[in-house]
Amino acid sequence: MAFTLYALIQTAILFTNAIAVLHEERFLSKIGWGAEQSIGGFGDEPGIKAQLLNLIRSVRTVMRVALRSLKAVLVDLSGTLHIEDAAVPGAQEALTRLRQSPVAVKFVTNTTKECKRTLFERLRRLNFDLQEREIFTSLTAARNLLEQRAVRPLLLVEDSAREDFTGLETSDPNAVVIGLAPDHFNYQTLNKAFRLILDGAPLIAIHKARYYKRKDGLALGPGPFVTGLEYATDTQATVVGKPEKAFFLEALRDLNCSPEEAVMIGDDARDDVGGAQNAGMLGILVKTGKYRPGDEGKINPPPHLTCDSFPDAVNHILEHLLGSKQSEN
Amino acid sequence: MDSGLTVRFCTNETQNTREQFVQKLRVMGFDISVSHVFAPAPALVRIIRERHLRPHLLVHDGLMAEFEGVDTSSPNCVVIGDAADKFSYQNLNEAFRVLIGQEKPLLFSLGRGRYYKETDGLKLDVGVFMKALEYAGDVQAEVVGKPSADFFGTVLKDMSLQPHEVVMIGDDLVNDVGGAQSCGMKGIQVRTGKYRPSDEQHASVRADAYVDDLAAASHAILTVR
Chain A
1 MAFTLYALIQ TAILFTNAIA VLHEERFLSK IGWGAEQSIG GFGDEPGIKA
51 QLLNLIRSVR TVMRVALRSL KAVLVDLSGT LHIEDAAVPG AQEALTRLRQ
101 SPVAVKFVTN TTKECKRTLF ERLRRLNFDL QEREIFTSLT AARNLLEQRA
151 VRPLLLVEDS AREDFTGLET SDPNAVVIGL APDHFNYQTL NKAFRLILDG
201 APLIAIHKAR YYKRKDGLAL GPGPFVTGLE YATDTQATVV GKPEKAFFLE
251 ALRDLNCSPE EAVMIGDDAR DDVGGAQNAG MLGILVKTGK YRPGDEGKIN
301 PPPHLTCDSF PDAVNHILEH LLGSKQSEN
Chain B
1001 MDSGLTVRFC TNETQNTREQ FVQKLRVMGF DISVSHVFAP APALVRIIRE
1051 RHLRPHLLVH DGLMAEFEGV DTSSPNCVVI GDAADKFSYQ NLNEAFRVLI
1101 GQEKPLLFSL GRGRYYKETD GLKLDVGVFM KALEYAGDVQ AEVVGKPSAD
1151 FFGTVLKDMS LQPHEVVMIG DDLVNDVGGA QSCGMKGIQV RTGKYRPSDE
1201 QHASVRADAY VDDLAAASHA ILTVR
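Residue numbers (this note's numbering), protein chains in the order written: chain A, 1 to 329; chain B, 1001 to 1225.
Be a bit skeptical, because a hint or two may be false.
Simulated pairs of lysine-lysine, DSS-like, Cα-Cα distance not exceeding 30 Å [claimed, not checked]:
no., chain 1, residue 1, chain 2, residue 2
1, A, Lys71, A, Lys215
2, A, Lys71, A, Lys49
3, A, Lys106, A, Lys49
4, B, Lys1123, A, Lys192
5, B, Lys1117, A, Lys213
6, A, Lys192, B, Lys1104
7, A, Lys192, B, Lys1086
Note that these hints are calculated values from the structure, not bench results.
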């Protein structure tokens, strides 16, 4: 028989693949079939074009996920694995299960109040299975930048974080580094930083988080202070932490992994998930820590997945994002 | 003042009450009465009363008297002024928590200056902390005081005059002169105070006249009419 069942299946797969590889920017948008170009408003009967567009979009989403081979998982710390000194229930066991799969795991954090060693010790105390070298912080990223530029920083960072900057010259500063330093944030110190920047010192922000969750409620992050100083001096800060693309790429660099082969799990829709997806990764938003209802609607595109907590995220990865044995890079 | 022209005083001063401020000026020899001085705080108090708001105040201690009689329990809005040393992490955090706890956050800023000059150097002004809270609370502040059109509008109403009949004299090119011009008034820049020579080549604001000081401005006005 000329037309066997096998030939039919082959054709179907090739056809699906063809749809899956249609490039959004280079092709679809150019011929008016892009995701944002479907016509017809609410309540209109979907026309043929709209239905076809939906089909294309669905195929691309499904196939894109299955075609990725997952090599690395980046996990946020505060709010995702733990909240202050308490672990998220089930997180330790979920991490162990994740480690049994063939992905590399790295812990990325914008925490600016603590040095790597403190973070590591806390996680060990909470029985998480990890190594200190698997932790990549925005402080590390900042230090790298200071060394590159060979500047002497005025460090507006918590005393406990200064350890990560040992070895750098800090007298007669010609650069300003802003982290989260509630104990040092006062009018006088801010004025000092302001005058240095006005004199030409570069402003380096560890990150620009708007706020974070403390035991006693929400608290201002470094973002507001950086924004204020930018306004005062009419300059732009160099931000080294999440959600900057550079941060995620730097974290993946020694894992020999492209962003498309990695997924990020975090509790901050904009900084964790939005930033990671912007860098080319998949993002999973967990509803713990600083998450507030509706956060998933605040980023575009929305998170690949929104789930209750870290253990659920791990389940999803193990069940749906691994096991694509067809394409190996 | 004796020319028959209506004179009013507009200031963004928020470290002292109008009374204290006027007192300071009288000691210097100026003939000024409180009812002719327009400052952000009284304008804000009017707004608060009109809209039945209860403010969380982050302002200089010297300004608190302007808010006497204002209900500040269970605040439903935040007010920041030039609080100087009171801009501590704790105080800012408290203000932030009020904002983030509201469904529709309301932030009032008494002015939006970036910095001002004091004897011991340049210091951050209220605008910096307004930007900080705007960013933190994802909210846009309502600015009360120069260069807000509403502020100038209040003064014009008090004078019962139209904008084209009024001229503003000030040292702050953007907030005094620019702000006045945006309302249809003329603006005269004096070369004192905050003035910098680069102001005469400003990208967007062009004063109607640049004069050395207030005396020169007054002379110019009286001779032109």
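So which of those numbered hints doesn't the model satisfy? Hints 1, 2, 3, 5, 6 contradicted; others consistent.
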